[in-house]
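Engineer: Residue numbers (the working numbering), protein chains in the order written: chain D, 529 to 809; chain U, 348 to 786; chain A, 5 to 308.
No wet-lab data here; the hints were simulated from the structure.
No experiment lies behind these values; they were computed from the predicted model shown.
We treat Cβ as the ideally placed atom computed from N, Cα and C, and that holds for glycine.
Heads up, a few of these hints could be off.
[As the list claims (entries may be wrong)] What the simulated footprint calls covered on chain D by chain U, stretch by stretch (three residues with Cβ under 8 Å from a Cβ of chain U suffice, anywhere in the stretch; the number is not a length):
1. 584 to 594
2. 622 to 635
3. 644 to 650
4. 654 to 662
5. 676 to 689
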Amino acid sequence: MTAVREPVPLLAVENLTMRFGGLVAVDDVSFTAYRDEITAIIGPNGAGKTTVFNCLTGFYRPSAGKLVMHKGGELLRLERIEGFRIARRAGIARTFQNIRLFAGMTVLENLMVAQHAPLMKASAISLAGLLALPRYRRAERAAIERGRHWLERTGLTEQADWLAAALPYGAQRRLEIARALCTGPTLLCLDEPAAGLNPRESHELNDLLRSVREEHGLSILLIEHDMGVVMGISDHIVVLDYGRKISDGSPEFVRNDQAVIAAYLGVDEEAVEEVEAEVQL
Amino acid sequence: MTAASGLAVENTAKPPVFWAPLLRDAILAALVAVLLALPLVGLQTYDVGGGALGIRTHFDWVAWAGAAVFAGRFALRVLRQRYDARPMGETKHFAFLAVWAARQAVPLTLVGVAFAVMLPFLPFSSRYLVDLGTTVLIYVMLGWGLNVVVGLAGLLDLGYVAFYAVGAYTFALLARDLGFSFWEALPFSGLVAASFGVILGFPVLRLRGDYLAIVTLGFGEIIRIVLLNWASLTGGPNGISDIPRPSFFGLPFSRSAPEGVTTFHQFFGLEFSPEHRVVFLYFVILAMALVTNAFTLRIRKLPVGRAWEALREDELACRALGINPTTVKLSAFAIGAMFGGLAGCFFATRQGFISPESFTFIESATILAIVVLGGMGSQLGVVLAAILLVTLPEFGRAFAEFRMLIFGAAMVGVMVWRPRGLIAHRAPTLRLGLQPATR
Amino acid sequence: MAYFLQQLINGLTLGSIYGLIAIGYTMVYGIIGMINFAHGEIYMIGAFISIIAFLVLGLAGVTYVPLALAIVLLITMLFTSIYGWAVERIAYRPLRGSFRLAPLISAIGMSIFLQNYVQLFQGARVKPMPPLVQGGFTVFESGGFTVQLSYLQVFIMLLTVVLMIGFTFVIAATPLGRAQRACEQDMRMAALLGVDVNRVISLTFVMGAALAAVAGLMVTLYYGVIDFFIGFLAGVKAFTAAVLGGIGSLPGAMLGGVLIGLIEAFWSAYFSVEYKDVSVFVVLVLVLVFSPTGLLGRPEVEKV
Numbered sequence: 529m530t531a532v533r534e535p536v537p538l539l540a541v542e543n544l545t546m547r548f549g550g551l552v553a554v555d556d557v558s559f560t561a562y563r564d565e566i567t568a569i570i571g572p573n574g575a576g577k578t579t580v581f582n583c584l585t586g587f588y589r590p591s592a593g594k595l596v597m598h599k600g601g602e603l604l605r606l607e608r609i610e611g612f613r614i615a616r617r618a619g620i621a622r623t624f625q626n627i628r629l630f631a632g633m634t635v636l637e638n639l640m641v642a643q644h645a646p647l648m649k650a651s652a653i654s655l656a657g658l659l660a661l662p663r664y665r666r667a668e669r670a671a672i673e674r675g676r677h678w679l680e681r682t683g684l685t686e687q688a689d690w691l692a693a694a695l696p697y698g699a700q701r702r703l704e705i706a707r708a709l710c711t712g713p714t715l716l717c718l719d720e721p722a723a724g725l726n727p728r729e730s731h732e733l734n735d736l737l738r739s740v741r742e743e744h745g746l747s748i749l750l751i752e753h754d755m756g757v758v759m760g761i762s763d764h765i766v767v768l769d770y771g772r773k774i775s776d777g778s779p780e781f782v783r784n785d786q787a788v789i790a791a792y793l794g795v796d797e798e799a800v801e802e803v804e805a806e807v808q809l
Numbered sequence: 348m349t350a351a352s353g354l355a356v357e358n359t360a361k362p363p364v365f366w367a368p369l370l371r372d373a374i375l376a377a378l379v380a381v382l383l384a385l386p387l388v389g390l391q392t393y394d395v396g397g398g399a400l401g402i403r404t405h406f407d408w409v410a411w412a413g414a415a416v417f418a419g420r421f422a423l424r425v426l427r428q429r430y431d432a433r434p435m436g437e438t439k440h441f442a443f444l445a446v447w448a449a450r451q452a453v454p455l456t457l458v459g460v461a462f463a464v465m466l467p468f469l470p471f472s473s474r475y476l477v478d479l480g481t482t483v484l485i486y487v488m489l490g491w492g493l494n495v496v497v498g499l500a501g502l503l504d505l506g507y508v509a510f511y512a513v514g515a516y517t518f519a520l521l522a523r524d525l526g527f528s529f530w531e532a533l534p535f536s537g538l539v540a541a542s543f544g545v546i547l548g549f550p551v552l553r554l555r556g557d558y559l560a561i562v563t564l565g566f567g568e569i570i571r572i573v574l575l576n577w578a579s580l581t582g583g584p585n586g587i588s589d590i591p592r593p594s595f596f597g598l599p600f601s602r603s604a605p606e607g608v609t610t611f612h613q614f615f616g617l618e619f620s621p622e623h624r625v626v627f628l629y630f631v632i633l634a635m636a637l638v639t640n641a642f643t644l645r646i647r648k649l650p651v652g653r654a655w656e657a658l659r660e661d662e663l664a665c666r667a668l669g670i671n672p673t674t675v676k677l678s679a680f681a682i683g684a685m686f687g688g689l690a691g692c693f694f695a696t697r698q699g700f701i702s703p704e705s706f707t708f709i710e711s712a713t714i715l716a717i718v719v720l721g722g723m724g725s726q727l728g729v730v731l732a733a734i735l736l737v738t739l740p741e742f743g744r745a746f747a748e749f750r751m752l753i754f755g756a757a758m759v760g761v762m763v764w765r766p767r768g769l770i771a772h773r774a775p776t777l778r779l780g781l782q783p784a785t786r
Numbered sequence: 005m006a007y008f009l010q011q012l013i014n015g016l017t018l019g020s021i022y023g024l025i026a027i028g029y030t031m032v033y034g035i036i037g038m039i040n041f042a043h044g045e046i047y048m049i050g051a052f053i054s055i056i057a058f059l060v061l062g063l064a065g066v067t068y069v070p071l072a073l074a075i076v077l078l079i080t081m082l083f084t085s086i087y088g089w090a091v092e093r094i095a096y097r098p099l100r101g102s103f104r105l106a107p108l109i110s111a112i113g114m115s116i117f118l119q120n121y122v123q124l125f126q127g128a129r130v131k132p133m134p135p136l137v138q139g140g141f142t143v144f145e146s147g148g149f150t151v152q153l154s155y156l157q158v159f160i161m162l163l164t165v166v167l168m169i170g171f172t173f174v175i176a177a178t179p180l181g182r183a184q185r186a187c188e189q190d191m192r193m194a195a196l197l198g199v200d201v202n203r204v205i206s207l208t209f210v211m212g213a214a215l216a217a218v219a220g221l222m223v224t225l226y227y228g229v230i231d232f233f234i235g236f237l238a239g240v241k242a243f244t245a246a247v248l249g250g251i252g253s254l255p256g257a258m259l260g261g262v263l264i265g266l267i268e269a270f271w272s273a274y275f276s277v278e279y280k281d282v283s284v285f286v287v288l289v290l291v292l293v294f295s296p297t298g299l300l301g302r303p304e305v306e307k308v
C-alpha cells in the first residue's frame with residue numbers, strides 16, 4: 529500500500545494574460561504545477577503555450593496576472609523579477625522550441641556555460657581564475673564533473689568534444705536538456721522536447737524525464753504535441769485553446785474531456801460525437 | 348591506360364572549358380569597365396587657375412582599363428571553371444592549412460616569438476626593420492584587443508580608435524600637466540580607456556549588428572571631433588608634443604643626463620646610439636603584445652570569456668541560463684578598450700607627439716579589417732593580417748598614391764574570396780578528451 | 005524672425021539633398037538588411053560626374069541653362085547608376101548569405117577604394133564650379149535682414165518632391181515596386197514565386213544610386229565646390245536621416261533627411277559651426293539608442 533503524497537504546489541499561475549497590441553495571446557489562464565510532478569501543457573497550434581512559457585521564464589512581461597513560484601519556503605513573484613534573473617533566483621531552466629544551442633562551441637563548453645554563475649563566483653571576477661588559484665581549479669573540475677554526469681545520462685559522452693552544430697537533431701535536443709539540467713534547476717521547462725524525434729527517441733526521452741524526476745526531485749513542465757510522450761509520463765495536464773484554459777486534470781480525465789476533443793478536431797463540442805462517428809473512432 | 352581497360356576513368360584529362368559564354372561575359376565586363384572609367388578616368392579635371400577648371404582627356408587609359416578588365420575577368424572565369432570541374436575529394440588547400448596551423452599552435456607560437464625576440468639582432472636587421480616591426484606589433488596588439496570585442500563577444504565595433512586615442516591623450520595630458528613618465532601613466536591609460544569602454548558600451552547594449560557598428564562609428568567620430576576642437580585641453584589640431592620617452596628602469600636613453608643620473612649607455616658601458624631606444628621600444632611593445640595574448644588566451648577558458656562567446660552565439664539562450672547580457676557586454680567593451688588604451692599610451696611615447704589626425708575612422712576600419720581578415724577569434728590570424736596590412740604598403744613605396752586604393756581593393760578582394768578570414772578555426776577551450784578529435 | 009526663416013529655408017534645401025541620399029540607404033537596408041557603406045561615395049561620384057558633364061557641355065558650347073541642367077541630370081543619373089550597379093555586383097552579391105560582418109568589411113573596403121580612386125584620377129584638390137543658377141527672390145524683410153529664396157533652392161526642393169512622388173508611385177503601383185516590397189518581406193518566398201531576386205536587388209541599388217546622383221548634382225550647384233571627401237560625412241548624415249525616419253520607409257527617409265537638414269542648419273546658425281557635425285552624430289546615437297525603429301519605421305519582433 530503506497531502512501532498517497534499530498535501534492536505540494538510549486539508554481540501557481542493566476543489569471544495570466546498576455547496581450548500584443550490588439551491580439552490576446554493568453555487570456556486569463558490559471559493553473560498550478562505541483563512539486564515532483566510532470567505537468568504538461570497541450571493544445572492546438574497557436575493556443576498560447578509558448579507564450580505562457582515566455583512569461584514564466586522572463587522573456588515577456590505579462591500584461592496581467594500573477595506567477596507565484598514556491599521556492600525554499602519563499603513565494604517569488606516571477607513577473608516582478610528581471611528576465612535573466614529568473615533562472616537563478618527561481619531555479620527555472622528551459623529549452624526552446626527551435627533549439628537554441630551555442631552552435632560554434634563544443635558540447636562540453638555548452639554545459640560549462642550553463643554553470644556560469646557558480647564558476648564566476650569561484651573565479652572572483654576572474655581574478656582567481658587568471659591566477660589559476662586552487663579554489664577556481666576545484667570549481668572548474670566540479671563543473672566538468674557535473675557536465676560529464678549529465679552527458680552520461682543523456683547519452684552524449686562520446687560527443688563531448690564535438691561542435692554542437694555537428695550533432696544530429698535528436699542529440700541536439702538532448703544536449704539542450706542536459707544544458708538546462710546543468711543549471712541545477714528546481715523546475716525544468718521543456719518546449720516541445722519530442723519535436724522531430726522518432727518513436728524510439730521519444731521513448732528514451734520519456735525514460736530520461738521520468739528518471740530525472742525520480743532521482744533528482746525535479747519538477748517538470750512541458751509543452752508537447754506528441755501524445756505518446758504526454759500520456760506516457762505526465763501526472764497532470766493543462767489544455768489551452770485560443771489562449772484560454774479549457775481543461776485541467778489527470779491524463780485520463782483530459783483524454784476523455786469533450787471540450788478537449790472538440791478543440792483538437794476543430795469543431796464545436798456538440799458536433800464531436802458526429803465527427804467521431806464519421807471517422808469511426 | 349590501355350584500350351582494353353576502357354571502363355577506367357582517366358583522372359588527369361583536363362576538363363573541357365566552354366569558351367563562348369566566358370568570352371561574352373568578359374566582353375560585357377569590359378564594357379561596364381569602359382563606361383565606369385569614361386567619366387572619371389577618361390575626363391580628368393585640373394586647375395587652370397582663377398577658380399576655373401579644364402579637362403584633359405585620357406581615353407587611352409579608358410581603353411587600357413577595358414582591356415585589363417577583359418583579360419582579368421576572362422582569366423578568372425577560365426580558372427574558376429577549371430577548378431570547379433575538378434574531381435571531388437581534393438582537399439581545399441587553404442582550409443587544410445588553417446586546421447593544420449591551429450593544431451600546431453604551440454610550436455608555431457614558440458617559433459614566432461623566438462623570431463620576434465631575435466629580430467633586432469639578426470644579421471639583416473636594420474633600424475628600418477625594427478621600426479616596421481614596432482608598427483606591426485602595435486597593430487597586432489590593437490587587433491588582439493579588438494578581437495575580444497568583435498571576435499569573441501561578437502559586438503561590431505567600428506569606433507575602436509576612440510580608445511586608442513583616449514589612452515594616448517591620457518598619457519600626454521598626465522605627462523604635460525603632472526609630469527608622469529611612460530611607466531607611471533600606462534596603468535592610467537588602460538583604466539581611463541576601460542572606463543570609456545563602459546561609458547560608450549552602455550548606450551549600445553540593446554543594439555545589434557549593423558546598428559551597433561554605426562553607433563560605435565559615431566562615437567569614434569565624436570571623440571575625434573571633440574579632440575580636434577577642444578583646443579584648451581587637447582591642443583586642438585596641433586596636438587600635444589614633448590611626450591616623454593620611456594626609460595630602462597630609470598636609465599634614460601639620452602646622450603647625456605643631468606647631474607647624478609646615469610644614462611643607459613653609460614650604465615652598460617656602450618657607445619651612445621639612438622638605436623638603443625628604438626630597440627627598447629620594440630621590446631616594450633613586444634612584451635605588451637605578448638601579455639595581451641596570454642591574457643586573452645587565458646580568459647577564454649574562464650567563465651567570463653566563455654560567456655562572451657556564448658553571447659555571440661545566442662543571446663536569448665544566455666538569458667535563459669541566467670547570464671546577464673549587460674555585464675557580459677560591458678566587460679567585453681571594457682577589456683577591449685583597456686588594451687586599446689595601453690596601445691595608445693605606447694603609441695604616444697613612441698612618437699613623442701600626438702594629434703587627432705592619427706585617430707581617424709580609417710584607423711578603426713584598418714584594425715577591424717585586421718581582425719576580420721585574420722579570421723575572427725583567431726590569434727594567429729590577427730598576426731598574419733597585421734603583418735600583411737602593415738608591410739604590403741611598404742613594399743609599394745613607389746606606388747605610394749596607390750596605397751589606399753590597393754588597401755580598399757584588398758579588403759573587398761579578401762572578403763569576397765574568404766569571407767570567414769584567412770584562419771577561421773576556433774580551438775575549443777577545453778576537451779573531455781575521451782575520443783581523439785575527429786572534427 | 006527673419007534669420008529663423010532663412011535658416012528654415014536653408015535647412016529644407018539641405019534636407020532635400022540628405023533625403024535623396026537617405027532613400028538609397030533605406031531601400032538597400034530594407035531589402036537585404038545591410039548598410040551600404042559605399043553609398044556616400046556613390047553620391048560623391050555623382051557630384052564629380054555632374055561637374056565634368058557641365059564642363060564638357062560648356063566646352064561643347066551649350067549655354068542655355070535649363071537644357072544644360074536637363075542633359076547633365078540625365079548623364080549623371082545614368083553613369084552613377086552604373087557605378088551603383090557595379091558596386092553591388094562586385095562587393096555585395098558574392099557575399100550574400102555570408103555571415104553579417106563580411107559584407108560590412110567589403111563595403112568599407114569599397115568605400116575606401118572609391119574615395120581614393122576619385123582622388124587619384126581627379127586630384128585631391130577641391131573642384132570649384134561657377135554658379136550656374138543665379139538669382140532668386142526676396143521673401144521677407146525684417147530688422148535689416150532679408151530672407152532670400154533662390155531659384156536654385158526652389159529647383160532643388162521641387163525636383164526632390166517630383167522624384168519622391170515618382171518613386172513612391174513606382175514602389176506602390178508598378179510590378180517592379182511590388183516585387184521589391186515582396187523581397188523586403190520574404191526574399192526566399194518571393195524567389196519561389198518566380199521573382200528574379202537578383203534583378204530586383206540590382207535595380208534597388210540602381211535606383212538608390214540614381215537618387216544619390218541627383219543629390220550630387222544639387223550639391224555641385226548649391227555649394228559650388230566639391231572634393232573627394234564629401235561622401236563620408238554626407239553618407240553618415242544621410243544614414244542618420246534614414247534611421248531617424250525609420251529604416252525601410254521611403255517617406256521616413258525623406259522626413260529624416262529634412263529633419264537632419266534643419267537640425268544642422270539651426271545648430272550651426274545658433275550654436276557653433278565647428279561642432280555641427282557632432283550634432284548630427286549625437287542625433288544618430290540618441291535615435292538608435294532610444295528608438296531604433298525611428299519615426300515611421302516598423303518595429304521588429306524577434307520570435308523566441
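Engineer: All the hints need checking, so say for each whether the structure fits it.
Structural biologist: Going down the list of hints, with the structure as the test:
Taking a C-beta to C-beta cut-off of 8 Å, the segment 584 to 594 of chain D contributes 3 residues in contact with chain U, enough for the three needed, and the coverage statement holds. Residues of the segment 622 to 635 of chain D lying with their CB closer than 8 Å to a CB of chain U number 9, which satisfies the three-residue condition for coverage. Coverage of the segment 644 to 650 of chain D by chain U holds [criterion: at least 3 residues with CB-CB distance below 8 Å; count 4]. Coverage of the segment 654 to 662 of chain D by chain U holds in this model, with 3 residues showing a Cβ closer than 8 Å to a Cβ of that chain against a need of three.
Closer than 8 Å: that is the beta-carbon criterion, and the segment 676 to 689 of chain D has 6 residues meeting it against chain U, so the requirement of 3 holds.
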